[in-house]
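Novice: Sequence:
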Amino acid sequence: MNKKVTIILINLLTITNWAYSQINITGKVIDQTDQQPLIGALVQLQSDGNVTVTDEQGKFELKEVSEIDKLIIKYLGYEESIVDVNAQTTDLGIIELQRANTTLDEVIVSASPNSYKSQFKGSNFRINPIALKNINPLSTEEVLRTVPGVNIVGDMGLSNRPNISIRGSWGRRSKKVLLMEDGTPSAPAPYIAPGAYYNPVSDRLTAIEVYKGADMLRFGPNNMYGAINYITAMPPQKPELRVKLIGGQRNYQTGLLSYGGTWNNLGALVEGVYKKFDGFTDNSSVEVLNLNAKIFAKLSDNQSLYFKVSGQFEDNQASLSSQTPFTFDTDPTQNPLDADQFTMRRYGVDIIHKWLPTNNLSFTSKIYATDFERDWWRQVTAKVKASEVRNYLGEEIFNDRYSYLNGRNFAEEDYVIVGRVLNGRESTTDSRWTYTVSGFKETMDYDWDAFGEKQHLEAAVNVHRETFKDRFLVADSSRWARNGTATTDLWYHLWSANGFIRNEFNIGKWGITPILRLEHVDMYRQNLLALAQNPNINSTEDGREPNVYTQFLPGVTIDYRIRNGEFYGSVYQGMIAPSKVFGFLVERDGIITNPLVGQSINIEPELAWNREIGWRGNLWYNRIDGQLTYFNNTSRNFYAGGRNEVFEELGKINVQGLEVAIGAELFDINNHQLRLFGNINIMQSKVLEGRLVDRDLFSQVIHSNATQNEYIDKVNTNRSAYEVYVSDGSGGELLLTDETIGPSDFQNITRSVIRFGDDGISDAEAPYTPRWNTSVGLNYDFKKLSVGVSGNFVSEQFTEFHNFRNESADGAIGKLPAYYSIDAFVNYDFILGKKLNTTVFLNGKNITNEIYRASRLNRATSGIFGGGFRQIIFGINMKI
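Throughout the sequence shown, residue numbering follows the numbering used here, covering 1 to 880 in sequence.
Bear in mind the hints are in silico, worked out from the structure with no lab data behind them. All values derive from a computational prediction rather than experimental measurement. Mixed in with the good hints there might be a few duds.
Derived BS3-like pairs (lysine-lysine); straight-line CA-CA distance at most 30 Å [unchecked claim]: (1) K244 / K276; (2) K298 / K70; (3) K70 / K244; (4) K783 / K815.
FRET-style restraints, in silico, Cβ to Cβ [unchecked claim]: (5) K276 / K835: 55 to 61 Å; (6) V243 / K783: 22 to 28 Å; (7) F451 / Q599: 37 to 43 Å; (8) F793 / E373: 37 to 43 Å; (9) Y630 / F667: 29 to 35 Å; (10) K783 / Y446: 43 to 49 Å; (11) Y621 / W772: 28 to 34 Å; (12) Y446 / E373: 38 to 44 Å; (13) N837 / R636: 52 to 58 Å.
Every residue, glycine too, gets a C-beta built ideally from N, C-alpha and C.
Using the sequences and the accompanying hints, generate a full structural model.
Specialist: What follows is the structure, encoded as structure tokens:
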């Protein structure tokens, strides 16, 4: 054969074999701006449509690629990227995608292993999608307790009414924390009634961000302590049907069904979650249905539109009453109040439009609205000596719900919380609240050049409206009655004009970001029940009690960028809006009173100067990431903390502490990965000023000998700090002027007033501010297997401003002992058939079953709420 022909044939054969050889293409897709991996990016061959998506580390693999081709990478909200593929480059390495100018922050979910969001100036903490997948949380509180600076004040086990404290804020119903969902305030009424009676179910969250520091002023109204942003799932790149099923102890059931995808420039997702649980205690079951849908559309090269609609419905056997020390120690699962019922429904809608008239200027318009209603029927309760419960209730009620007391020996200080019985019947009351919220927000972003670098200006204006109807019903016919006589009917109305201006100045390695927020609030209250009894009213405007205030909130953050990190410091003034009852008071020279007819309501927000300094970044070739922050916050105009603990002279409180978060890759060898993470919060609080009245301490609390003696010692040790009032025998009270008091005086005390500061009590701590709050864990990964164990420790903490160390007989007051919990998980990913991506998992919550005293949140009417109950869940997550 001709030598030349032979060479040609050999070359043709080589080309043919090469063209049809089977190769695998791998790579990693990241965000060009923050260099963090993108989950679920679409990776597709141009020729034959062979397609895959990136995993939780942003990595992908396309198998059996048989020819020279082009790879198309798409991700919702990013510019499309095209990469050449050939047999010589099977590993494409890092592929960076650039965010489209029309992208909204609401649709971006990063898989960053870093514990912070770099775009936020100052301290913040981020829980990423991988952490949420591993934990499979029963509720968001389970995840948030691992965040430095956050203390969870538990009261109901699995609850969609979270009790979150950040940097020493009062935790009940998270009233002093701003909660957001996809950047929009989610509390039923953020100004008037910020209590968190709604919380998104944890099953549909993909990330959680906790904000602290001066950049908090971009959000409002409650921006003094911290904010939490729940980030929900974005539409997937590839059309996908997802089914997640979970089962567990105590009839725990969760089902999630979703379908979504991206078609050209339109992404859409429809999702539903059903959750059911019998609860950790008797008569504490919960049933929740959450439905939501969202659309993100790129309308043109300079416009995009985002639309989200949601609904949540809940039916709970939720009780505010709980346990005494005797019943908790006897059996912490007991709850005899079987007629308590909490029902709610909430509808919400967000519409966001982004427009870029030029490449460096954008306008983002947001319309949001929610409609929320809750009904909470609760039995009227009484505290009865354990030895007298049978006689008080009668045989029928006792045998039905209190028979666990049979055969037990009772001490003198053993009490039981029971349903109150009058005329042989138990009774109930209803707290019925209805809220509507709506608003419009316009945000401008402008990039400009100075000092040889890019600067960024951001400004926003927001018009916000709220209404809140507060009704209270009493029914004495039966504990099962669901209608009654109205004893309270209050109407609240508020509108606010607020906004901020903020600029990021970049000068070399330095960044200076000043920010100024303005809050103008106009609100009023009407007592509709009283007005209905007045025949002389002339219009619907009669009886309005107005409160109007304007507040400027300045702040600044300075950062210095170093290799693989930055140092930062910030100072700002934050506020807590005066809400409900507290928003309609009169202040004169620091003294707070209820208004008389004709008095002007003038209470102002609670304010604080907040300071922090810290570092965040990576060390040791990016094998260690973390952050370290020292904070010092001093609040003033502090009126109320716990239930019926009010400052007649406004209080001043300082909280300072150290927050540490660290993640370390111990090794990564041959697909074996071991990662350590740990979070530590050290906190110290001090009540600096104020004059406080505890309205429950002697009218509701049943004291033990220990709390009686402790109070007497407190008064006698620092007599000038206490004003003690006793009964005068005819319905009035007298100021007790004796130098010392004794047990005989204690029995007649009607009211106690304490003064804080240099001329009073100088070492008192704020409630629910434990010195130590620590989480630590290890995660091991091998190919598709993930295993982990983690622990959480919380040191002892006071529960009221009196700082009682001992526990009262009814459990209403007293220091909470330290507690810990240990969790573990196992996840395994695999593919069924060719397309069904499957994860099976097993999670153990509080595996040691160390049941602890979690809180005394409702104090005199509740007692002890327990935590630490073991819960095992297992499930499967499937995507096709």
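Novice: The structure should be examined with respect to each hint, and the outcome stated for every one.
Specialist: A quick look at each hint next to the structure:
Between K244 and K276 the alpha-carbon distance is near 14 Å, which keeps this suggested pair within the 30 Å criterion. Only pairs whose Cα atoms come within 30 Å are accepted, and K298 paired with K70 is accepted, the gap being roughly 24 Å. For the proposed pair K70 and K244, the alpha carbon gap of about 35 Å is over 30 Å, so the pair is violated. The suggested pairing of K783 with K815 is violated, with an alpha-carbon distance near 47 Å, which exceeds 30 Å.
Range check, K276 to K835: Cβ separation about 30 Å, and the 55 to 61 Å hint is violated. The hinted range of 22 to 28 Å is satisfied by V243 and K783, whose Cβ atoms lie roughly 24 Å apart. Remark: the range hint 37 to 43 Å for F451 to Q599 is contradicted by a beta-carbon distance near 54 Å. For F793 and E373, the Cβ-Cβ distance of about 39 Å falls inside the hinted range of 37 to 43 Å, so the restraint holds.
Taken as a hint, the range 29 to 35 Å holds for the pair Y630 and F667, whose Cβ atoms sit roughly 32 Å apart. Take K783 and Y446: their Cβ atoms lie about 47 Å apart, and the range 43 to 49 Å holds. Distance hint check: the CB atoms of Y621 and W772 are about 31 Å apart, consistent with the given range 28 to 34 Å. A hinted range of 38 to 44 Å holds for the C-beta pair Y446 and E373, which are about 41 Å apart.
Remark: the range hint 52 to 58 Å for N837 to R636 is upheld by a beta-carbon distance near 54 Å.
Hints 3, 4, 5 and 7 from the list above are not met by this structure, while the remaining hints are.
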